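Chains as they are written, first to last, in the numbering used here: chain A, 1332 to 1689; chain U, 280 to 763.
Rather than coming from a laboratory, the hints here were simulated on the basis of the structure.
Be a bit skeptical, because a hint or two may be false.
Not everything, but these chain A residues come out facing chain U in the computed CB check (under 10 Å) [claimed, not checked]:
| # | residue |
| --- | --- |
| 1 | GLU1389 |
| 2 | GLY1475 |
| 3 | PRO1529 |
| 4 | PRO1661 |
Quantities reported herein were computed from a predicted structural model and do not represent experimental measurements.
Even for Gly, the Cβ is constructed at its ideal location relative to N, Cα and C.
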Amino acid sequence: MTAAAIDALQDAVRAAASGGGRLRIRGSGSKDFYGGALEGDVLDTRALRGIVAYAPTELVVTARAGTQLAEIEDELARHGQMLAFEPPRHGPGATLGGVVACGFSGPRRAAAGAVRDFVLGVRIVDGTGEALAFGGQVIKNVAGFDVSRLMAGALGTLGVLTEISLKCVPLPRVERTRAIDCDAADAIRRCNEWGGRPLPISATCHVAGRLWVRLSGAGPAVSAAAVEIGGADADDAAPWRAIRDQTHPFFAPAVTGPVPLWRLSVRSTAPCDDLGCDTLVEWGGALRWLVPRAPVEASRLRAWAAAHGGHATLYRAQDKSPGVFQPLAPAMAGLHERLKRTFDPHGILNHGRLYPAF
Amino acid sequence: MLDPAFTSALAAIVPGEALLTSAEDTRPYECDGLTLYRELPAAVVLPDDEAQVVRILELCHAARVPVVARGAGTSLSGGALPIADGVVLSLAKFRRIVSIDPLSRTAVVEPGVRNLAVSEAAAACGLFYAPDPSSQIACSIGGNVAENAGGVHCLKYGLTVHNVRKVRGVLVTGEIVEFGSDALDAPGYDLLALVTGSEGLLAVITQVTVKLLPKPREARVVLAAFDDLEKAGAAVGAVIGAGIIPGGLEMMDQPATRAVEPFVHAGYPLDAAAVLLVEADGTPEEVESEIAEIRQVLTAGGATSLRVSADEAERLLLWSGRKAAFPAVGRISPDYYCIDGTIPRAALPRVLAQIEAWSRDYGLPCANVFHAGDGNLHPLILFDAEKPGDKERTIEFGDRILELCIEVGGTITGEHGVGIEKIRGMCAQFPPGALERFHGVKRAFDERALLNPGKGVPTLARCAEFGRMHVHAGALPHPDLPRF
Ligand SMILES: Cc1cc2nc3c(=O)[nH]c(=O)nc-3n(C[C@H](O)[C@H](O)[C@H](O)COP(=O)(O)OP(=O)(O)OC[C@H]3O[C@@H](n4cnc5c(N)ncnc54)[C@H](O)[C@@H]3O)c2cc1C
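So that you can see chain A by itself, here it is in the shape it has in the complex (with noise of 0.2 Å):
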């Protein structure tokens, strides 16, 4: 069944190569606002479906790239692991490959790494419509260019995933929410302190004047940890799942409105300069979702970004001119320009998606 899936993708590639047509990856479509333009047929990946290996001893899964999150996630939590990377769904039927396209870490990014941080292995379907593979089911493996880490991100751009091996974890054996009520400066002031102490901080976000903090690990150290940092418990209003998939209210101008929603990551000392715009803070200070209160220049928010160590990104917008991406200097636009010609040659996949330029 999935020998015939991965044909069907290629020969759909192959004939888009050949007739100059355009195509639109897709697997349930629940990012379908994020990133620039969709451009061509949609090439659905629902048909690679299925957790191909799994050995909880290994700390690694193997699933088809249109497999739905939640029945991976629901597998690991059957032998006490997870994904690291707390995955955002944006939707029910998130499946993997979007996440790891899109490149998307939730609340845990700061304490446990990114979903390339994860990645070891992927196959692809390329530009060409050649089936090929990268990386592989080991977590420590230096044989090639890292190109399964290039996909995380990529939006599809370089290739068609049709499977990726990731790493897992053990769940935390125990986890608590702290509430602390401050302001956005201080929330961040503490936020780094606390990150050069040996704390078990798994997340942090400050929103609507409140700094919630989540402390996972061994039960010891958890319950010293919650001494340590202050404020009072605070599981039954925890807002990690909300604040992961954009269900929290703070993000319902830009969900559910008209309103655009921006991605500023930055150094997570940055300060918390006024933009005009209500802002949630998540990643110890490193991570700022911004909804305008009025309307602001991309230009202003690309510039602090910038000048802050990173970038801004209209993550949620109805209109996209200003560009969704922080611009790439011209060698690292030429980098880009020349990887995509090495998976894409035609241009075919996404094109548009990641820049407009390819």
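Place chain U with the ligand on chain A using the hints.
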């Protein structure tokens, strides 16, 4: 031989003593840590700063002269092996720790800074740089990034690729580029991941921003003895299966413990077929509960004795043998050859048993010291290069181990890189389509193939010459029979 005009143009870029051209001066650069391969470069150049690197690369690019970047020269795969008509670009003078920011927990360092020096400098802030290759007193951060180096703490804290935020480098055209950022991600393709482990083929690294971690409050190590290698291998999986990710999980077999004990006097049980070193770190409470669990799992797995470090001095003593294993083996044998492959942990017992059997068949002793938690093997084959045939049989033995790694679903290199050494193995591990894409990646960065050419990725023509590996990989006709 380099064109004299080229040499004088080089001489105009760097101060006189920073350009070496006589055989006498370039001799120290003829090989790296893999001494089986040697080549004298036409010139060695030691720039002081990035502006000089840019000019050197522009010059080499224009004149089409190959360039091999070099850090500390500890590579075990011949990655820094010079090219006869090429230039070695040494980053040895890039020794500055530019800044350490305790609040954002990052350090900006030049590529020639030694790995250990970063942790030493960060210690004052209670921080450390996690990847700790056994060569950490000597190897450079630039070399670590180029090889995606690992160490004993990588199971828990990740490899170099997980601990680097930003890499600044110079393309062969002289263009300056920055991969990654000071944030937790960067726009566009993840070129930071691509350049990490790229073995000097894509860019010359001139600055690295690394992530620092808070030092755990406490660490203790358990030394467990096993009377059987396979039991030790199975115990490794049992620890992980119990939901424990130890700070370190290393194995040494009996030939290894016997080689190191006279060297370090750690009190290793020499009658044991293998020992495991399992470290727990964290808060004192975490360490105590984790040590208790580890003891339980190892006992259930058949450990014949357990010793837990009582204090920091004892912990360091127990680790000292592991860290000194390579030099110690170097003392008991005229030569040794370090193999580096990774396998799924479940295959450990089978692969270790097979290596032991081959060691007997070939008549070449083999000591195993390795990152068991990651499934990253380092069989050290002991041989005598003076003995006719020994070297050839050693290489063949090594090749068979790597073929076996591929066969059981692993890889021909876990952390030492492909370099020149594993060019053949690459043909066995990757089909032509993947190799072609690797060449495409190379061309995207270095159209003229001037940065470390001949390393890392074999040409398809070379793979055709090496055809025999293909036949054997994954399909050994009689895997249990010796070949002679
Ligand atoms: C005793 C011993 C123990 C070891 N233990 C380990 C271990 O536990 N884990 C591990 O991973 N490795 C280990 N190694 C291998 C080696 O130390 C690592 O690969 C290390 O990262 C190499 O660093 P280096 O500075 O010596 O690089 P070099 O040997 O000088 O170069 C290695 C490669 O990196 C490239 N390179 C170096 N600097 C730059 C730069 N600035 N820009 C671009 N390319 C560059 C070179 O071209 C070459 O391809 C060990 C080696 C020895 C001798």
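Tested hints:
no.: 1; hint: GLU1389; result: 5 Å, holds
no.: 2; hint: GLY1475; result: 5 Å, holds
no.: 3; hint: PRO1529; result: 4 Å, holds
no.: 4; hint: PRO1661; result: 8 Å, holds
Checked against the numbered hints listed earlier, the structure breaks none of them; every hint is satisfied.
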